[in-house]
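Participant: Residue numbers (my numbering), protein chains in the order written: chain A, 113 to 386; chain B, 113 to 386; chain C, 113 to 386.
Simulated from the structure, these hints should not be mistaken for laboratory data.
Heads up, some of the hints might be wrong.
[Unchecked claim] With a cut-off of at most 25 Å between alpha-carbon atoms, the simulated DMTMM-like pairs for lysine to aspartate or glutamate come out as follows:
1. B/Lys346 - B/Glu327
2. A/Lys179 - B/Glu161
3. A/Lys346 - A/Glu327
4. A/Lys124 - C/Asp251
5. C/Lys346 - B/Asp353
6. C/Lys273 - C/Asp349
7. A/Lys354 - B/Glu375
8. A/Lys354 - B/Glu345
[Said to hold, decoys possible] Per the computed footprint, the stretches of chain B lying under chain A, defined by three or more beta-carbons under 8 Å from a beta-carbon of chain A, are:
9. 151 to 158
10. 361 to 374
Just so we're clear, the structure is a prediction, and the values are computed from it rather than from any experiment.
Even glycine gets a Cβ: it sits at the ideal position worked out from N, Cα and C.
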Amino acid sequence: MLGKYLENVRAKSPLIHNITNYVTVNDCANILLACGASPIMSDDCGEVEEITSICGGLNINIGTLNKDTIPAMLLAGKKANELGHPVILDPVGAGASKLRTETARRLLDEVRFTVIRGNISEIKTLAVGTGSTKGVDADVADAVTVETLDSVVAFAKEFSKKTGAVIAITGATDIVAGAEKAFVITNGHPMMARITGSGCMLTAMTAAYITANPENILEATAAAVCAMGVCGEKAYDTTVDKRAGNSSFRNYLIDKVCRLDSEDLDKGARYRIV
Amino acid sequence: MLGKYLENVRAKSPLIHNITNYVTVNDCANILLACGASPIMSDDCGEVEEITSICGGLNINIGTLNKDTIPAMLLAGKKANELGHPVILDPVGAGASKLRTETARRLLDEVRFTVIRGNISEIKTLAVGTGSTKGVDADVADAVTVETLDSVVAFAKEFSKKTGAVIAITGATDIVAGAEKAFVITNGHPMMARITGSGCMLTAMTAAYITANPENILEATAAAVCAMGVCGEKAYDTTVDKRAGNSSFRNYLIDKVCRLDSEDLDKGARYRIV
Amino acid sequence: MLGKYLENVRAKSPLIHNITNYVTVNDCANILLACGASPIMSDDCGEVEEITSICGGLNINIGTLNKDTIPAMLLAGKKANELGHPVILDPVGAGASKLRTETARRLLDEVRFTVIRGNISEIKTLAVGTGSTKGVDADVADAVTVETLDSVVAFAKEFSKKTGAVIAITGATDIVAGAEKAFVITNGHPMMARITGSGCMLTAMTAAYITANPENILEATAAAVCAMGVCGEKAYDTTVDKRAGNSSFRNYLIDKVCRLDSEDLDKGARYRIV
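Use the sequences and the hints to build the structure in full.
Facilitator: In structure tokens form, the structure reads like this:
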């Protein structure tokens, strides 16, 4: 049951270092606080090694990367590796520009990641160079469907074997794969694609889950993905009730994470292991 | 009727490249998603040309310009021109500093804009160098009143003729002017001035409207301005009902854009053509 | 009674220049608008002196400081001093990295601050170099308790004497100290620690209060701290009523500031002078 991984986040309140984009950074900070963790944001080369040293885990998100933050990501990632901290990568928009693709690849070359989370197009770009990213969203051509599910799971396991990282491919159906075992998760709601930051928030929250559960990275990642999906479903119900729209949905989503307990998660999680 | 321009945004879901300020960037992303478009934010010189190439339109907002993002605005703007993409300028705070005024002027010199949207003080600064900006807000001395309306419309038409851009001057009364024809729009609510980002969100949304309606730039801009105003009125009603304040108003505003349909827009739009 | 300081903010609508972090910047802008002030954000060395010149007060927050913004903070701070504008410092995370600690110290050396607001760990770091900051939150070891209150008040008065600034140490109990007199404030709610930006928003709002009340810096700072605490209590009540979470709490907090009047503040403020 996945609820215990949530409880560990609340019990340990891990401090997470985030080098992330300025679009969704506030939401990432609030989702970390909602799930029971603490955020710190810092991206200057003059302090990132020191900041990551006082934290438990590191979240690297390339959503608005630039010439100053790219070296900071590399410095912080290497320091976190040296200290044995979990490190997660969100390769936002890999495939949309050479800078994003090459930065993501260089991060993979120089930093050992514990988890990599992206949409299918981003992950395919990293793994095989052929994802057809539509900006920061997955391309329709890459969609995970009933027909393609088995091959995407096999691909994710293979990429996990190659990188040593748990691979989380999120979309309508989510796949969380280690080298030998994968979770296929069907929680969530299409409304999550109508706000900015669903993916960034999930990556930040996953950083908290893996930092609080270092012995069970695969399960903790699956727990974070299920938790976000369950909260997406609950948030949608509230949105519809109140005849609201995407901005309120964003607030409800974070609210639901704030109020989610292990029982809710165990009851709401929908996954199978393959 | 303006509703069809809204429908085209939802049907085509244009991808909009935003080089914008870090204050309201999250709201800009969410309003683009609310109206049916997709946002991508990117401001590093190493990728902006490539990013703008995969998009349909470009939104340049100088709200927190700096030495790194100014050249990125120029690079992206020229590339968008080369590709024939619509480009919109939001000259936030032009007149408040030499850097802002000169950057806005340089952008006008080197990039062809499809639309320029600002408050009256910003637009006067660009056109004649005499707007008296109060920070990022219009100065009272510049207010568009019953007495000054005709001369402001004439000024906007003239500036449109000079620049080749549709000129959108927004405030209590909004003016959207081409060289020969202008919309005078009276939608909106004073509460919109009590949140940060009303202007930035409108500019971002206008980028989506003109990208989805390239044959009708003047009408599409007027449709975006009316849509935002109608949603401001609806959001205010909800705010008052719930005894809420400006932060909730911001959420309701985006929510209303998310739920607005062409019928609502046609019914709610208040404008005359002069 | 503190209500009159609130009224002065609404009457004078001071324009506040903010050099602040990109995590909570939107909330800072909206809280300034909520309390009746106007925000402008600007952090490029090419314009900060000019921008601060057109403003009434300056807010410096080092939450995501970097090599480009540190010199901008120094330039703006010196210019504001030259013009006699109130300047407030929020030393976010001082003690968490050498860069933060040294930047905060350098700012104290080169700029005269009117108010310094931080948590106890940050302020101890500045004053005596021994705060044990946990990221951007106060360390438990530093907590202000019944036993330590008198000594913390004495420490704050001493630090005020040394710096010439009013010292605001906020947490479960807030202390606002001049050299001779201090307010001990017990408004607020623990939920304020479950959102990002409670501190940053308070600092921004305090900038507005002191700019509108230059003759009563100590009282105006206490008024801002009480106002935020009273609104935190009101926001929590609404959050509980609506079974909401931390994201809604953030919105309600800003909403309550938007609707707070001087009578509410006078009635709700809980403080004693020591």
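Participant: Each hint should be assessed against the structure and marked as holding or not.
Facilitator: Tested hints:
Distance check on the hinted pair: lysine 346 of chain B and glutamate 327 of chain B sit about 29 Å apart at the alpha-carbon level, beyond 25 Å; violated. Under the criterion of a C-alpha separation no larger than 25 Å, the hint pairing lysine 179 of chain A with glutamate 161 of chain B is consistent with the structure, at around 15 Å. A threshold of 25 Å between alpha carbons decides the hint, and for lysine 346 of chain A with glutamate 327 of chain A the separation of about 29 Å lies outside it, so the pair is violated. Proposed proximity of lysine 124 of chain A and aspartate 251 of chain C is supported: the alpha carbons are some 15 Å apart, at most 25 Å.
Distance hint between lysine 346 of chain C and aspartate 353 of chain B is fulfilled; the C-alpha atoms sit about 18 Å from each other, no more than 25 Å. In summary, the hint linking lysine 273 of chain C to aspartate 349 of chain C is not supported, as the alpha carbons are separated by about 38 Å, beyond the 25 Å threshold. A C-alpha spacing of about 21 Å is found between lysine 354 of chain A and glutamate 375 of chain B, which places the hinted pair at or below 25 Å, so the restraint holds. For the hint pairing lysine 354 of chain A with glutamate 345 of chain B, the CA-to-CA distance comes to about 18 Å; that is within 25 Å, so the pair holds.
For the region 151 to 158 of chain B, the stated coverage by chain A holds: 8 residues have a C-beta nearer than 8 Å to a C-beta of that chain, and at least 3 were required. Coverage of the region 361 to 374 of chain B by chain A holds in this model, with 10 residues showing a Cβ closer than 8 Å to a Cβ of that chain against a need of three.
Hint compliance for this structure: hints 1, 3 and 6 are broken, all remaining hints hold.
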